[in-house]
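Going down the list, the sequences are from chains A and B.
End of the first sequence = 471 in this note's numbering, gap-free, step of one.
End of the second sequence = 471 in this note's numbering, gap-free, step of one.
Think of the hints as simulated: they come from the structure by calculation, not from any bench.
Where a beta carbon is used, it is the ideal one built from N, C-alpha and C, also for glycine.
Just to be clear, a hint being listed does not mean it is correct.
[Stated by the list, open to error] Here are the simulated DMTMM-like cross-link-like pairs (lysine to aspartate or glutamate), alpha carbons at most 25 Å apart as the crow flies:
{"id": "1", "chain 1": "B", "residue 1": "Lys407", "chain 2": "B", "residue 2": "Asp365"}
{"id": "2", "chain 1": "A", "residue 1": "Lys417", "chain 2": "B", "residue 2": "Glu184"}
{"id": "3", "chain 1": "B", "residue 1": "Lys249", "chain 2": "A", "residue 2": "Glu130"}
[Unchecked claim] Anything over 12 Å on all C-beta distances counts as not near chain A; from chain B, calculated:
{"id": "4", "residue": "Lys29"}
{"id": "5", "residue": "Asn101"}
{"id": "6", "residue": "Gln179"}
{"id": "7", "residue": "Lys249"}
{"id": "8", "residue": "Gly281"}
{"id": "9", "residue": "Asn333"}
Protein chains: 2
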Amino acid sequence: MRYNPVTKKIVDELIQILGPKNVFTDVEKMEAYSHDETSVEEYGHMPEVVITPSTAEEIARVVRLANRELIPITPRGAGSGLSGGAIPVFGGILLSVERMNKVIEIDYPNMMMVLETGIVTNEVNALIKEQGLFYAGYPMSLETCYLGGNIAENAGGGKAVKYGVTGRYVMGLELVTPQGEIVELGGKLSKDVTGYDLKQLIVGSEGTLGIVTKATIKLTGLPTAKSNLLVLYKNPKDAIDCVPVIMAKGLIPTGIEFMDKLSVQTSCEYLNESLPYQQAGAMLLIEMDGTSQEQVERDTEAIGDLCMENGAIEVYVADNYTTQERIWSVRRNIAEAFKVVSPIQSLEDIVVPIAAIPDIIPELDRISEKYNIKIPCYGHAGDGNLHATLVKNPDSTLEEWHDLVPKALRELYEVTKKLGGKISGEHGIGLKRKKYMEEIINPAELELMKAIKTAWDPNYIMNPGKIFDLE
Amino acid sequence: MRYNPVTKKIVDELIQILGPKNVFTDVEKMEAYSHDETSVEEYGHMPEVVITPSTAEEIARVVRLANRELIPITPRGAGSGLSGGAIPVFGGILLSVERMNKVIEIDYPNMMMVLETGIVTNEVNALIKEQGLFYAGYPMSLETCYLGGNIAENAGGGKAVKYGVTGRYVMGLELVTPQGEIVELGGKLSKDVTGYDLKQLIVGSEGTLGIVTKATIKLTGLPTAKSNLLVLYKNPKDAIDCVPVIMAKGLIPTGIEFMDKLSVQTSCEYLNESLPYQQAGAMLLIEMDGTSQEQVERDTEAIGDLCMENGAIEVYVADNYTTQERIWSVRRNIAEAFKVVSPIQSLEDIVVPIAAIPDIIPELDRISEKYNIKIPCYGHAGDGNLHATLVKNPDSTLEEWHDLVPKALRELYEVTKKLGGKISGEHGIGLKRKKYMEEIINPAELELMKAIKTAWDPNYIMNPGKIFDLE
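Using the sequences plus the hints, can you model the full thing?
Written out as structure tokens, the structure is:
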């Protein structure tokens with residue numbers, strides 16, 4: 001074991017840096033910091049001490065202490081992650097940015113905001129909505145997740161087809177490096193080739209290359225026109241087959257979300273909601289936005305017609321806010337609903353080229369049959385990113401479940417790779433998927449990643465045990 | 001000196017790998033590979049051998065040879081670079097990708113193309129234009145530059161305000177690493193968080209982290225409507241002051257290009273062209289595009305009105321292809337024209353936050369006066385990226401010029417830094433700007449860059465002497 005325990009002396013030193021209120025070791029209080037949205041039983045791990053710093057300087061001091069004493073640090077946002085990235089798997093220091101939630105600046109002339117990374121993502125948009133602006137980089141969990149977590153995972157969301165993911169909107173970062181230095185990467189700049197793009201390397205590095213304490217994010221003009229289509233299909237295959245057809249048309253929807261029957265039903269029951277034709281075998285939820293209502297309506301109609309010509313049973317237009325919000329709420333709550341109904345599950349995040357998603361559905365059917373488990377599926381079909389969810393069969397034992405999951409996943413990942421895909425589109429590798437990295441990533445590429453990690457963090461104190469293991 | 005000379009034995013081994021036609025050492029033939037678009041006298045350097053491989057496998061073998069024998073390799077595209085990035089400053093092997101210009105695949109369903117990196121950028125767009133598609137990541141030098149060079153520099157261009165720069169369109173890369181391994185980074189994926197984003201680290205790394213042999217690029221629907229405004233102002237200050245006003249309006253132009261009087265005149269004389277009111281003190285060239293002619297015209301009119309309310313003398317609408325192409329040709333040829341008229345110059349590439357560009361103009365005036373040199377200025381004002389060009393005063397000696405340039409640049413860069421800017425927006429650091437890196441980049445950030453370089457290329461054989469020096 002490479003790490004030292006957190007002794008009383010170290011806790012005292014942390015208290016000296018942060019004050020007694022921001023350092024705690026009582027088990028009851030620490031429990032909430034021992035897991036994220038992955039299975040507590042499978043991935044949960046208690047930290048030895050939890051700290052809640054409020055400045056980059058404090059964090060830098062803690063990081064230097066951790067290097068000196070060989071104590072691992074696990075940075076943590078809201079704990080809403082889906083791959084175990086914020087779990088202190090080697091114990092040590094759990095560093096929560098929860099108190100770092102200040103808005104440093106709203107810079108209207110540059111259409112940027114400077115924020116601490118402990119801010120809840122949705123609050124960002126609430127602050128600028130009235131000025132006709134929005135931050136487009138947010139994920140589906142925007143009501144609870146922190147900006148820092150979005151950056152760590154390079155989170156996607158329901159608008160990524162048109163607007164891209166978090167990384168496109170991160171213009172600058174304040175980072176505490178694994179050696180305890182504070183650096184400012186990027187800035188309020190549209191373009192910048194002054195040396196390597198370290199900012200973009202940090203985005204999506206899951207807290208293994210440092211702790212992001214501030215971010216400068218780009219704002220976009222809030223679209224004034226919006227329309228949603230709920231398109232019903234007989235079965236998942238018909239719905240998914242339609243997605244590349246829409247994408248190739250050249251009209252750019254904000255998002256194309258896919259939901260199979262079980263996903264819609266489970267979420268509707270959880271919310272006590274009903275959608276038209278819940279009986280349909282699958283649905284696409286297609287959003288269009290823009291600055292001209294006329295144009296948006298014309299594009300929406302064109303897409304609706306295209307869907308009807310390509311296997312849809314029925315097309316509903318949701319053109320008012322209430323109906324749109326109802327449908328999106330069903331979509332947003334699928335993961336949460338499945339967690340309640342089927343707590344023993346594996347929520348997947350594969351991503352393939354758009355044109356290859358139709359090939360995934362029969363493979364899910366095949367794996368589902370072979371292992372006698374349900375695999376409901378939903379996700380960001382317009383990005384080729386599907387959240388197939390392996391759900392434990394109530395008739396089988398936990399032992400059987402733990403035995404079959406890696407086998408089923410290996411089959412799914414093998415197909416994904418064969419189709420030119422990868423095993424995570426937006427949830428990250430974290431703890432949950434690291435054992436599959438060697439199968440999906442070329443060994444030489446993995447060595448390049450590890451070389452960066454080792455060069456920046458030679459003591460492996462920064463969020464160790466995530467993405468890959470190091471010897 | 002850390003490198004060994006290229007001996008006859010090594011040349012023979014290169015011939016074994018590549019064939020005799022693709023290895024040459026005659027000085028006359030090598031001369032063309034000894035410089036780029038920066039000053040030959042100041043930055044030029046002869047290679048010891050030039051090679052023109054045709055596959056990644058050949059390149060991998062050469063890289064392994066170079067590591068074994070400690071010979072530097074300088075990768076080279078079209079040689080149209082503006083920062084000396086492709087100059088073999090330590091001699092050694094000059095590796096030109098000129099024969100690697102094959103189109104591997106045009107994938108319409110995924111709207112992507114797979115290309116070798118020696119292809120001329122403009123040819124990419126010629127191939128897909130009829131299908132209503134375009135590659136939006138191209139720079140101003142598209143008629144001569146190679147895709148590989150665009151990727152190495154993360155090149156920008158005249159459409160970056162709306163479409164962003166090269167990096168946004170690079171979805172996948174085939175890379176020969178500095179150790180001579182071949183890796184595939186990214187893929188035909190809209191999103192991907194399967195480990196660190198090495199692809200984006202390679203973009204803009206100026207060939208110092210490996211040689212990009214293939215790229216998968218994203219295509220965009222070709223806009224069917226386009227309009228250009230040529231807006232005249234009394235002086236540069238009035239023109240630049242107007243840019244943040246336009247940007248804050250929320251209408252997103254394709255680009256906002258700025259040209260001062262001397263830039264327009266010089267390019268017009270070079271092209272034997274005339275624009276209306278060449279006598280104006282400065283111009284903005286504003287392009288709008290979209291899918292609806294009506295919408296584009298409405299937006300164009302709104303921007304025209306806004307300009308007239310904010311200091312413009314006159315607004316010309318160029319709504320047909322011929323006039324648009326004439327104006328853009330003037331803009332594209334400014335750098336070339338200045339090179340002919342004033343070959344002794346320093347073409348700069350500073351980038352600042354949009355709202356800060358008005359503060360740059362008086363500083364240019366001040367520096368111009370202080371050092372008694374002309375500093376014509378043009379560039380991508382909508383990105384905050386200005387190509388101020390220091391031009392040698394014909395009355396002064398070369399010695400005086402070489403003495404004053406670093407002083408004048410240090411003043412310009414200091415102001416740029418103070419305004420939150422950086423010293424290169426799209427041309428790169430290369431050879432030309434590396435001596436200023438320590439002044440603009442925090443030492444801790446520079447150490448992080450160097451740590452990656454050292455970890456990946458411990459023998460420093462891959463394009464050494466660029467971006468920063470290593471001891």
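Cross-check of the supplied hints:
1. For the hint pairing Lys407 (chain B) with Asp365 (chain B), the CA-to-CA distance comes to about 15 Å; that is within 25 Å, so the pair holds.
2. Between Lys417 (chain A) and Glu184 (chain B), the direct Cα distance comes to roughly 13 Å. Compliance with the 25 Å bound is thereby established for this hinted pair.
3. Restraint check for Lys249 (chain B) and Glu130 (chain A): the C-alpha separation of about 15 Å stays at or below 25 Å, so the hint holds.
4. Once the 12 Å rule is applied to beta carbons, Lys29 (chain B) is consistent with being away from chain A; the minimum gap is 31 Å.
5. Against the 12 Å criterion, Asn101 (chain B) stays outside the reach of chain A, whose nearest CB is about 24 Å from its own CB.
6. With a least beta-carbon separation of about 8 Å from chain A, Gln179 (chain B) fails to lie farther than 12 Å from that chain, contradicting its non-interface assignment.
7. A beta-carbon of chain A is positioned within 12 Å of the beta-carbon of Lys249 (chain B); the least distance is around 9 Å.
8. No Cβ of chain A approaches the Cβ of Gly281 (chain B) within 12 Å, the least distance being about 24 Å, so the stated non-interface status holds.
9. Annotated as non-interface, Asn333 (chain B) keeps its C-beta farther than 12 Å from every C-beta of chain A; the closest such distance is 22 Å.
Hint check: violations occur at hints 6 and 7; the rest are consistent with the structure.
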